[in-house]
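Novice: Spelled out, the chains give:
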Amino acid sequence: MAAGTSPASPVRLPLAKAVNAALRTALDADPKVLVMGEDVGKLGGVFRVTDGLQKDFGEDRVIDTPLAESGIIGTAIGLALRGYRPVAEIQFDGFVFPAYDQIVTQLAKMHARALGTIKLPVVIRIPFGGGIGAVEHHSESPEALFAHVAGLKIVTPSNASDAYWMLRQAIECDDPVIFFEPKARYWDKADVDPSGIPGPLHAARVVREGTDLTLLAYGPTVRTALQAADAAAEEGTSLEVVDMRSVSPIDFDTIQRSVEKTGRLVVAHEAPVFFGAGAEIAARITERCFYHLEAPVLRVGGFHSPYPPARIEEDYLPGLDRVLDGVDRALAY
Amino acid sequence: MTVESTAARGKPRRSTNRSTTTTRRKPRQPRDGMVQLLTPEGERVEHPDYALDIDADTLRGLYRDMALTRRFDAEATALQRQGELGLWPSLLGQEAAQIGSGRALRPQDYVFPTYREHGVAWCRGVDPTKLLGMFRGVNHGGWDPNTNNFHLYTIVIGSQVLHATGYAMGVAKDGADAAVLAYFGDGASSQGDVAEAFTFAAVYNAPVVFFCQNNQWAISEPTERQTRVPLYQRAAGYGFPGVRVDGNDVLAVLAVTRAAAEQARSGQGPTLVEAFTYRMGAHTTSDDPTRYRSDDELVSWEAKDPLLRLRRHLERLDAADEAYFAALDEESDTLARRVREAIRTMPDPDPMSAFEHVYADGHSLVDEERAQYAAYVASFADREEN
Numbered sequence: 190m191a192a193g194t195s196p197a198s199p200v201r202l203p204l205a206k207a208v209n210a211a212l213r214t215a216l217d218a219d220p221k222v223l224v225m226g227e228d229v230g231k232l233g234g235v236f237r238v239t240d241g242l243q244k245d246f247g248e249d250r251v252i253d254t255p256l257a258e259s260g261i262i263g264t265a266i267g268l269a270l271r272g273y274r275p276v277a278e279i280q281f282d283g284f285v286f287p288a289y290d291q292i293v294t295q296l297a298k299m300h301a302r303a304l305g306t307i308k309l310p311v312v313i314r315i316p317f318g319g320g321i322g323a324v325e326h327h328s329e330s331p332e333a334l335f336a337h338v339a340g341l342k343i344v345t346p347s348n349a350s351d352a353y354w355m356l357r358q359a360i361e362c363d364d365p366v367i368f369f370e371p372k373a374r375y376w377d378k379a380d381v382d383p384s385g386i387p388g389p390l391h392a393a394r395v396v397r398e399g400t401d402l403t404l405l406a407y408g409p410t411v412r413t414a415l416q417a418a419d420a421a422a423e424e425g426t427s428l429e430v431v432d433m434r435s436v437s438p439i440d441f442d443t444i445q446r447s448v449e450k451t452g453r454l455v456v457a458h459e460a461p462v463f464f465g466a467g468a469e470i471a472a473r474i475t476e477r478c479f480y481h482l483e484a485p486v487l488r489v490g491g492f493h494s495p496y497p498p499a500r501i502e503e504d505y506l507p508g509l510d511r512v513l514d515g516v517d518r519a520l521a522y
Numbered sequence: 272m273t274v275e276s277t278a279a280r281g282k283p284r285r286s287t288n289r290s291t292t293t294t295r296r297k298p299r300q301p302r303d304g305m306v307q308l309l310t311p312e313g314e315r316v317e318h319p320d321y322a323l324d325i326d327a328d329t330l331r332g333l334y335r336d337m338a339l340t341r342r343f344d345a346e347a348t349a350l351q352r353q354g355e356l357g358l359w360p361s362l363l364g365q366e367a368a369q370i371g372s373g374r375a376l377r378p379q380d381y382v383f384p385t386y387r388e389h390g391v392a393w394c395r396g397v398d399p400t401k402l403l404g405m406f407r408g409v410n411h412g413g414w415d416p417n418t419n420n421f422h423l424y425t426i427v428i429g430s431q432v433l434h435a436t437g438y439a440m441g442v443a444k445d446g447a448d449a450a451v452l453a454y455f456g457d458g459a460s461s462q463g464d465v466a467e468a469f470t471f472a473a474v475y476n477a478p479v480v481f482f483c484q485n486n487q488w489a490i491s492e493p494t495e496r497q498t499r500v501p502l503y504q505r506a507a508g509y510g511f512p513g514v515r516v517d518g519n520d521v522l523a524v525l526a527v528t529r530a531a532a533e534q535a536r537s538g539q540g541p542t543l544v545e546a547f548t549y550r551m552g553a554h555t556t557s558d559d560p561t562r563y564r565s566d567d568e569l570v571s572w573e574a575k576d577p578l579l580r581l582r583r584h585l586e587r588l589d590a591a592d593e594a595y596f597a598a599l600d601e602e603s604d605t606l607a608r609r610v611r612e613a614i615r616t617m618p619d620p621d622p623m624s625a626f627e628h629v630y631a632d633g634h635s636l637v638d639e640e641r642a643q644y645a646a647y648v649a650s651f652a653d654r655e656e657n
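If you read the protein sequences in the order shown, they are chains E and X.
Counting in the numbering used here, the first sequence runs without a single skipped number right up to 522 at its last residue.
Counting in the numbering used here, the second sequence runs without a single skipped number right up to 657 at its last residue.
By construction, these hints were calculated from the structure, which means they are not laboratory data.
Remember, predicted model here, so these are calculated numbers, not experimental data.
Straight-line alpha carbon distances no greater than 25 Å define the calculated DSS-like cross-link-like pairs of lysine-lysine that follow:
| hint | chain 1 | residue 1 | chain 2 | residue 2 |
| --- | --- | --- | --- | --- |
| 1 | E | Lys244 | E | Lys231 |
| 2 | E | Lys308 | X | Lys444 |
| 3 | E | Lys221 | E | Lys298 |
| 4 | X | Lys401 | E | Lys308 |
Using the sequences provided together with the hints, build the complete structure.
Specialist: So, in C-alpha cells, the structure goes:
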C-alpha cells in the first residue's frame with residue numbers, strides 16, 4: 190500500500206500494518222480523530238504500528254505525549270469532552286496501570302454519571318500478550334481487569350482483517366473501547382478488504398466448523414486453537430474453533446450455539462485462568478447449556494504467578510500441547 | 272505578575288551552594304507575595320500588576336453572589352442534618368475564591384470543578400438545586416455539563432485537572448477564544464494526576480488556568496503535609512507562572528483569575544493560581560475538625576472572612592445601606608426555601624434507571640440484566656395479582 194493513501198482493494202497485510210491502515214483511514218475520514226501516545230509520532234511507535242501517520246497528518250493530530258499514562262488517558266478524556274475522538278496508545282500491556290484509575294473511575298463511568306448527556310468516544314490501543322521474549326511487564330494480558338468494569342467495551346482481533354475493521358468500528362463507537370492488539374501476531378499476514386462490509390464489532394465468529402468440541406479463543410490464542418484443530422483432526426477429532434473477538438460484551442449466543450452442537454467447551458486465553466474471562470464463560474455457558482454439556486467447561490491459560498521470565502514463557506502460555514491436553518481432558522468425560 | 276510569578280519566566284536562578292554535603296537546608300520561607308486588593312478591614316489597596324476598575328453595581332453583585340452562595344450552603348448543611356442529604360461538603364469560607372474566579376470567566380470558558388465548587392456553579396448559572404441530587408443519592412451528577420460549560424463534580428481527588436488540560440488542548444486545536452479552569456485543592460496538589468496535568472499543559476501550552484484553593488486542610492492533614500514550598504511556586508518547575516492570591520479577597524481573586532484566563536485565551540499558556548483561603552467548616556458533614564485543629568486558628572480566619580470585608584468596603588463607600596442588606600437577606604431566605612422545597616420533592620430514581628446510560632451504543636449484557644431484573648420485579652406483581 191502506498192504511503193499516504195487508504196487501501197481501496199483487497200490487500201495482504203501483516204496485522205500491524207492493518208492497524209496502521211485503519212488509523213490512516215480514520216484520520217483521513219474524520220478531522221476529529223486524533224492518535225496520541227508515547228513515541229507514536231516521529232518513531233512510528235515501538236512496533237511501528239503508527240509509522241508515517243505523523244508525517245502525513247501532522248503533529249497536531251498524531252501526538253507524541255509526555256511519558257505519563259494517566260496523563261494520556263486523562264487528557265484523552267478532556268479531548269473527547271471537547272468533541273475529539275482520541276485513539277490513545279498505551280505502549281505495552283504492563284504499562285497501563287498508571288492509567289487504570291482514569292480508565293476505570295472516569296472514562297468508564299462519565300457517560301452514566303452525566304446521565305447520557307456527554308459521550309466518551311475514546312479508543313485505547315494496547316499491544317498485549319506474550320511470546321515475544323520480552324522483559325517483565327511487556328507480555329501481560331490484563332483484559333479481565335477491564336472487563337469487570339461497566340462502561341468499557343473490550344475487543345481483540347486475531348487477524349489482520351479484523352484488526353482493520355474492528356479498529357475502524359471501535360473509533361466510530363461512541364463508547365470507550367479498549368482495543369487489545371495481539372503483539373505476537375503483529376507480523377501475521379491476512380487479506381484485508383477495505384471495501385468489504387464488516388460484521389458487528391462484538392460478534393464472535395466460528396472460524397472452523399467441527400462436531401466434537403468447541404475450542405474458544407481470542408486474540409493471540411486463535412491461531413493456536415486453529416493449529417490444535419488441525420492436530421486433533423489428524424487424530425480423528427473434529428474441533429469447532431470460535432474466535433470470541435469481543436471480551437465485553439461477549440457474544441454468548443454464538444458460543445451457546447456451538448456448544449449445543451458439540452457438547453464440550455474448552456476456553457484458551459493467555460491471561461491467568463483464575464478470575465479470567467474463561468471463568469465467566471464457564472459460568473454462563475454452564476447455565477445456558479447445562480443439558481447439552483457432556484463435560485465441564487475447561488480452561489487453559491496462564492498460571493496464578495507473575496508472568497514468568499521469557500526463557501520459560503512457553504510453559505506459561507497456552508501453547509498447542511497444553512490446549513490439546515485440555516481438549517483431551519474434556520473429551521475424556 | 273508578582274515578583275515570584277515572573278521568576279517562572281526568567282532565567283533559572285543558579286545555586287551558589289556547590290557543597291556536596293547532604294545537609295538539609297531549611298525550607299524556604301514563603302515570602303508574602305500574596306496579591307491583595309481588599310484588606311480584611313475592607314480597605315481598598317492597589318497592586319501594581321492587578322489594576323481593577325470596578326463600579327458599585329459590580330461590587331454589590333459580588334457581595335450578593337457570595338451571600339446567596341453562603342445561604343445556599345448553610346441550607347444544604349441543615350438539610351443533611353435533617354436527613355434529606357446523605358452528605359454535604361460545605362464551601363463556607365471559600366466564597367471569595369469561588370465567586371471571584373467564577374465571575375472572571377466568560378460564557379465560552381469551561382470549568383472543571385471538584386465537589387465543593389458550589390459558588391462557581393452559581394456563577395456559571397447552574398441551578399443550585401441540581402447540585403444536591405448527588406448528595407441526596409438520586410444521581411451522580413444531575414446537570415448537563417455543556418449547558419453551562421460546567422463539568423460534573425469530580426469526587427476522586429485531582430482527576431479532573433487532567434480532563435481540564437485535555438479539554439484545553441482541544442480548545443487550542445480549535446483555535447477557540449476560550450480558557451479552561453481546573454479547580455483543585457491543596458490536597459490534590461500531591462496527586463500524580465495534577466503533576467501530569469501541569470506537564471501536559473506546559474509542553475502543549477494549553478489554555479488552562481490551574482486554580483488551587485489552598486484551604487489549609489485536606490480533611491485532617493494540613494498543607495505542610497502536602498508541600499515544603501508554597502504551592503504557587505511549583506509552577507516555576509513546570510515553566511509557567513504561578514501566583515498566590517488572597518483567596519478571601521474577592522476583588523483580588525477576580526483580577527488575578529481574569530488576567531490568568533486572558534493569558535490562556537491569548538495563547539500565553541497555563542497559569543497556576545493559588546487562592547490562599549480557609550475551610551471554615553468541616554471537610555464534609557461526616558467530618559469533625561475539632562479532632563485536628565484549634566479554635567484559635569478558626570478565630571484568626573474568621574477575622575479575614577470574605578463576606579465581612581466586602582461588606583465593610585461597601586459600607587465605607589456608602590455603596591450599600593441597611594435596606595440593601597435587608598433585601599438581600601430576604602432574597603437569601605427565598606433561595607433557601609426554594610432549595611428546601613426542591614429537595615423534599617426530589618423523586619427517587621426508577622430502579623430500572625441503573626441500566627440507563629451505562630453505554631451510549633448499548634451493551635448486550637446490560638440489556639440481558641435489565642430484562643432479567645425487570646422480570647424479577649414483575650414476578651412480585653404477578654404474585655400479588657394471584
